[in-house]
Amino acid sequence: MAKNWTMAEAAEAVINNDKVGICDLGKRFPNVAVALAKMGNNEGAMTIINALPEYVTARKVEAVLKGDVDTSAEGDDDSDDEEEDAPKKAKKATKSDDAKKEAARERARKRREARKATAKKAVDALEEDADNEDSEDESDGDDYSSMNAVELFKLCKKRGIKAQPKMKAAEYVKLLEAADAKDDTDEDENDDWEDEEEKPTKAPAKSGKRGRPSKKVEKAEAEDAEEDDDDGEWDI
712 MAKNWTMAEA
722 AEAVINNDKV
732 GICDLGKRFP
742 NVAVALAKMG
752 NNEGAMTIIN
762 ALPEYVTARK
772 VEAVLKGDVD
782 TSAEGDDDSD
792 DEEEDAPKKA
802 KKATKSDDAK
812 KEAARERARK
822 RREARKATAK
832 KAVDALEEDA
842 DNEDSEDESD
852 GDDYSSMNAV
862 ELFKLCKKRG
872 IKAQPKMKAA
882 EYVKLLEAAD
892 AKDDTDEDEN
902 DDWEDEEEKP
912 TKAPAKSGKR
922 GRPSKKVEKA
932 EAEDAEEDDD
942 DGEWDI
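Each residue of the sequence shown is one higher than the last, beginning at 712 in the working numbering.
A hint or two may mislead.
Restraint-style ranges between C-beta atoms, simulated for each label pair [to be verified]: (1) L776 to G755: 15 to 25 Å; (2) L776 to T805: 29 to 39 Å; (3) A819 to D842: 27 to 37 Å.
Each computed SDA-like pair below joins lysine to any residue, with the alpha-carbon atoms no more than 20 Å apart [as the list claims (entries may be wrong)]: (4) K865 to A890; (5) K730 to A719; (6) K714 to N727; (7) K885 to M858; (8) K868 to L887; (9) K868 to V884; (10) K827 to E839; (11) K877 to L887; (12) K865 to A881; (13) K777 to V767; (14) K873 to D894; (15) K714 to V731; (16) K869 to A881; (17) K714 to N761; (18) K885 to S856; (19) K777 to N715; (20) K738 to N728; (21) K777 to P741; (22) K879 to A890; (23) K885 to D895; (24) K869 to A889; (25) K865 to L887; (26) K869 to A880; (27) K877 to A860; (28) K749 to R739; (29) K738 to A713; (30) K714 to C734; (31) K868 to A880; (32) K777 to G737; (33) K869 to E888; (34) K869 to D854; (35) K865 to D891; (36) K865 to Y855; (37) K877 to S857; (38) K868 to L886; (39) K869 to M858; (40) K869 to K893.
Think of the hints as simulated: they come from the structure by calculation, not from any bench. Every residue, glycine too, gets a C-beta built ideally from N, C-alpha and C.
Let the hints inform the model, and build the full structure from the sequences given.
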């Protein structure tokens, strides 16, 4: 606990070269310590100082010398230590509060980052699922890249696409992809007709008289023969 110096005690410490007392006075009341040191061993000055009442403390004289006159009551000397320690306590309390606020801000920041990371993972998972669905849709059709020119030509014939024999495979692929795009467009347009009636199922081709094939059957056989002729054009 810091000492509450009276002027008589302060003068006695300076005159007797009390190093501990002089250090305390020089730290807390430098103007008083310097004035007492200049006074030296002056018996008249010491008589006046010893006659001063006890409430005339070194703290009050220091305030006067600094130009900050303190007219507080006599009991203020008892709270000298508390007044000196108050700024230190307030500073420590401020640091403690700032540390708590900083820790709270850091925890809030980490929570926000964790929520953002969780949301990003969910979005990435949804996008990956959508990409997988698109890939599956794209793979539903024919894989033209794995077919050679002869197979592509036969596929064009089968689907009724006009194509010349002995063309490059890439040209057949273009014809087939164009037909696929046209089929997709036609399918989308047909979907708009929700009340479209079902088409009647075609009856199987009947045989002609006396067990002879009908004209439709003969036509189908002629188309198969024509396809075989097309294969012959490839010199297979």
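Next item on the list: Decide if the proposed pair is consistent with the structure: K869 and A889, CA atoms, cutoff 20 Å inclusive.
Entry: 15 Å, holds
Notebook entry, point to check: Holds or violated: K877 with S857, Cα cutoff 20 Å?
Noted result: 18 Å, holds
Margin query: Just to be careful, I want the Cα atoms of K777 and V767 compared with a cutoff of 20 Å; is the pair within it?
Written below: The hint holds at about 15 Å.
Checklist line | Verdict for L776, G755 (Cβ pair) under range 15 to 25 Å | finding: 20 Å, holds
Check: Under the criterion that the straight-line Cα-Cα distance not exceed 20 Å, is the pair K738, N728 satisfied?
Finding: 16 Å, holds
Next item on the list: Sort out whether A890 lies within 20 Å of K865, counting only the CA atoms.
Entry: 15 Å, holds
Item checked: K865 paired with A881 [C-alpha distance capped at 20 Å] -> 14 Å, holds
Margin query: Just to be careful, I want the Cα atoms of K738 and A713 compared with a cutoff of 20 Å; is the pair within it?
Written below: 11 Å, holds
Next item on the list: Measure nothing beyond the straight line between the CA atoms of K869 and K893; if it is 20 Å or shorter, mark the hint as holding.
Entry: Answer holds: K869 to K893 is near 16 Å, not above 20 Å.
Margin query: Between the alpha carbons of K714 and C734, is the straight-line distance 20 Å or under?
Written below: Cα-Cα ~12 Å, so holds.
Margin query: Check the hint pairing K869 with A881 against an upper bound of 20 Å on the C-alpha distance.
Written below: It holds: about 18 Å lies between the C-alpha atoms, which stays within 20 Å.
Margin query: Checking one constraint from the list: CA of K868 to CA of L886, max 20 Å. Satisfied?
Written below: 11 Å, holds
Going through the hint list in order, the structure satisfies each hint without exception.
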